[in-house]
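Top to bottom, those sequences are chains A and B.
Numbering-wise (numbering that gives the first Met the number 0), the first sequence opens with residue 0 and increments by one.
Numbering-wise (numbering that gives the first Met the number 0), the second sequence opens with residue 0 and increments by one.
Think of the hints as simulated: they come from the structure by calculation, not from any bench.
As the structure is a computational prediction, the values presented were derived from the model and not from experiment.
We treat Cβ as the ideally placed atom computed from N, Cα and C, and that holds for glycine.
Be aware that a few hints might be false.
As a list, the in silico DSBU-like pairs of lysine-lysine whose alpha-carbon atoms are at most 30 Å apart [claimed, not checked]:
| hint | chain 1 | residue 1 | chain 2 | residue 2 |
| --- | --- | --- | --- | --- |
| 1 | A | Lys122 | B | Lys116 |
| 2 | A | Lys122 | A | Lys216 |
| 3 | B | Lys116 | B | Lys175 |
| 4 | A | Lys2 | A | Lys122 |
| 5 | A | Lys2 | B | Lys116 |
| 6 | A | Lys6 | B | Lys116 |
So the derived list for chain B, only partly shown, Cβ under 10 Å to chain A, looks like this [to be verified]:
| hint | residue |
| --- | --- |
| 7 | Cys34 |
| 8 | Val102 |
| 9 | Gly145 |
| 10 | Leu148 |
| 11 | Trp238 |
| 12 | Leu265 |
If you want the building blocks of each chain, they are given just below.
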Amino acid sequence: MYKYIIKRLIYLIPVLLCVTLLIFTMLYITPGDPARMILGNDASDEAVEQYREELGLNDPFWTRYFRYLVGILHGDLGTSYTTKMPVAKEIAERFPTTFVMALLVTIFGTLVGVPLGIISAIKQNHAVDYLATTVGLIFVSMPSFWLGLMMIVLFGVKLKWFPTSGWYGPQYAVLPAVTVGLTGIASRMRMTRSSMLEVIRSDYIRTARAKGQTEFKIITGHALQNALLPVVTQIGMAFGTNMGGMIITEQIFAIPGLGKMMTDAVNQRNHPVVQGGVLWIAFATSIVNLIVDVLYAYIDPRLKAQYVSNKKKKAQAPKEAKAEGGAAA
Amino acid sequence: METNQKVKKKSRFREVAHRFAQRKMAVVGLVIFACLLLMALFAPMIAKYGEDEQDLANALAPMSAEHPFGTDVVGRDLFSRIVLGSRVSLFVGVISVSIALTVGGTLGAIAGFYGGKVDNLIMRFFDVTHAVPTMILAMCICAALGQGLFNTMLAVGIASCPGYARMVRASVMSAKAQEFVEAARANGASDGRIILRHILPNCLAPIIVQVSMGVAGAILSAASMSFIGLGIQPPAAEWGALLSGSRAFIFNRPNLVFFPGLFIMLTIFSLNLIGDGLRDALDPKMKR
Numbered sequence: 000m001y002k003y004i005i006k007r008l009i010y011l012i013p014v015l016l017c018v019t020l021l022i023f024t025m026l027y028i029t030p031g032d033p034a035r036m037i038l039g040n041d042a043s044d045e046a047v048e049q050y051r052e053e054l055g056l057n058d059p060f061w062t063r064y065f066r067y068l069v070g071i072l073h074g075d076l077g078t079s080y081t082t083k084m085p086v087a088k089e090i091a092e093r094f095p096t097t098f099v100m101a102l103l104v105t106i107f108g109t110l111v112g113v114p115l116g117i118i119s120a121i122k123q124n125h126a127v128d129y130l131a132t133t134v135g136l137i138f139v140s141m142p143s144f145w146l147g148l149m150m151i152v153l154f155g156v157k158l159k160w161f162p163t164s165g166w167y168g169p170q171y172a173v174l175p176a177v178t179v180g181l182t183g184i185a186s187r188m189r190m191t192r193s194s195m196l197e198v199i200r201s202d203y204i205r206t207a208r209a210k211g212q213t214e215f216k217i218i219t220g221h222a223l224q225n226a227l228l229p230v231v232t233q234i235g236m237a238f239g240t241n242m243g244g245m246i247i248t249e250q251i252f253a254i255p256g257l258g259k260m261m262t263d264a265v266n267q268r269n270h271p272v273v274q275g276g277v278l279w280i281a282f283a284t285s286i287v288n289l290i291v292d293v294l295y296a297y298i299d300p301r302l303k304a305q306y307v308s309n310k311k312k313k314a315q316a317p318k319e320a321k322a323e324g325g326a327a328a
Numbered sequence: 000m001e002t003n004q005k006v007k008k009k010s011r012f013r014e015v016a017h018r019f020a021q022r023k024m025a026v027v028g029l030v031i032f033a034c035l036l037l038m039a040l041f042a043p044m045i046a047k048y049g050e051d052e053q054d055l056a057n058a059l060a061p062m063s064a065e066h067p068f069g070t071d072v073v074g075r076d077l078f079s080r081i082v083l084g085s086r087v088s089l090f091v092g093v094i095s096v097s098i099a100l101t102v103g104g105t106l107g108a109i110a111g112f113y114g115g116k117v118d119n120l121i122m123r124f125f126d127v128t129h130a131v132p133t134m135i136l137a138m139c140i141c142a143a144l145g146q147g148l149f150n151t152m153l154a155v156g157i158a159s160c161p162g163y164a165r166m167v168r169a170s171v172m173s174a175k176a177q178e179f180v181e182a183a184r185a186n187g188a189s190d191g192r193i194i195l196r197h198i199l200p201n202c203l204a205p206i207i208v209q210v211s212m213g214v215a216g217a218i219l220s221a222a223s224m225s226f227i228g229l230g231i232q233p234p235a236a237e238w239g240a241l242l243s244g245s246r247a248f249i250f251n252r253p254n255l256v257f258f259p260g261l262f263i264m265l266t267i268f269s270l271n272l273i274g275d276g277l278r279d280a281l282d283p284k285m286k287r
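Looking at chain A on its own, in the form it has when it is part of the complex (with noise of 0.2 Å):
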């Protein structure tokens, strides 16, 4: 296990490196010009250019980019052409409130959701699964910034409940936590039904039916723990997701999280700010991704044994043999 975690971990390297070219390929492309985005257009030509200079804009492409990798070597991400402060410091300022919000959207999507998709599939068909799975799939087709833009007015101007942009407090974090949360409950209602439905018709909770186990402990002791395999993978990603930011909903509720910062600089051509962002992001998605996948092998016995290397396998291997000819014989 150690070992896999180790390998996940040493591939990690290379994806993050062809991250950091995609994107410098891409921002190199970008059409504007960062120096006249900072100067302003009553900058003089011969300012620009100076400028451009000082940021090394006018150096070849690899040049530029091994300087980039050179920096992150070093633990810098470069400087924000905005705000002139490191990169790096930036993202870190901006993480912890992006990670709270993930945290508590994730938490809440799941509390609610994946008791409503169970809900739903023991009484498929009935009435209440008809008006979870559609009032489920209503949200889920719901454009997040539609949703966040109503519940502003709804609870932030008409009721006057919730405070809506800004971070100053709990009570900041409960319409876009809402709003993020509605469509990831949805979601997971989606999912934890069908994977329950699929188990639920499977043998081995005919066979507990048939030997006379109460219904309720078929579902939670039999049926659950398989079910919920999907489910656990789908959080996983969600919450990936979530970590780089939830773009639109901070956007619309001006949290000063990793995602408007995201959107801020790609549409101020602040490119240090894109790369150092993306870099970050892809770093914590792919982290998130392992741990998924650690975890999924902790909770799938059948997964745990691919794990084994295959030395010991190989070991194991003529021992089951004789077991199984000495049970033949």
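With chain A held as given, fit chain B onto it using these hints.
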């Protein structure tokens, strides 16, 4: 031989259509989507006003019989703009998915069919793009290409390639192992012919489902791009752009934000219903 094959194909289609028709919600989705499609088709006849027809005296008018959804800041009729915008939004959805399916699907099919080094190379590349969330990837591509209708479609299409590649690869790999592929090869069929004529038709079910849901996803992504100011820009009547253009008036005239979003939601809702229904109808496990 030829006629025999035709009869068989028809019956398979009928069977699926029959099972699809049994799902009420799927039919509801199909009806909603057909209405939206008709609306897009006959848009110039339904819309009372032109796309850019301004009436400054009537700016920000509330909802009325004359302007069912009200008017925007320069007095353009929102209903007409939404109706005309349906063409843009549906077009964006279909073209983006076509791009994603062509590029991602082809690469996925090649990776799945040849395996080995080719597979490794292609899938490692998609691993890289997989590490960056789709939305951020689309944002960066959008920024690199610049604004505009075509660039938005391209950005959304490229960003969703990995998903299609993975799906096509998985189904090609399972179809490849079957005997009819070996039979085709024994008959001397070329690789291209085997993939297109023998393997692809056997992978159609998951592709159809993913496409119907993918169009919904693409419309949503494109609208999100417009919303954060990267995609199609406000003067155009794309639904996301309509919504973001009127964002400043959300407190006085929420209807300007409500209706474009409602239409986005209806489109995505209907496509998801169709996708759900198709998945159930095409799934051999559901056969009774």
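Quick rundown of the hints versus the structure:
1. A:Lys122 to B:Lys116: 48 Å, violated
2. A:Lys122 to A:Lys216: 16 Å, holds
3. B:Lys116 to B:Lys175: 17 Å, holds
4. A:Lys2 to A:Lys122: 44 Å, violated
5. A:Lys2 to B:Lys116: Status holds; Cα separation ~24 Å.
6. A:Lys6 to B:Lys116: 20 Å, holds
7. Cys34: 16 Å, violated
8. Val102: Not OK, violated: valine 102 (chain B) not within 10 Å of chain A, min 16 Å.
9. Gly145: Result: holds, 5 Å to nearest chain A Cβ.
10. Leu148: Leucine 148 (chain B) check fails; min Cβ-Cβ to chain A is 16 Å, beyond 10 Å.
11. Trp238: Holds: closest Cβ of chain A sits about 9 Å from tryptophan 238 (chain B), inside 10 Å.
12. Leu265: Holds - the Cβ of leucine 265 (chain B) comes within 10 Å of chain A, reaching about 8 Å at its closest.
Figure legend: structure checked against the earlier numbered hints; hints not met, in rising order: 1, 4, 7, 8 and 10.
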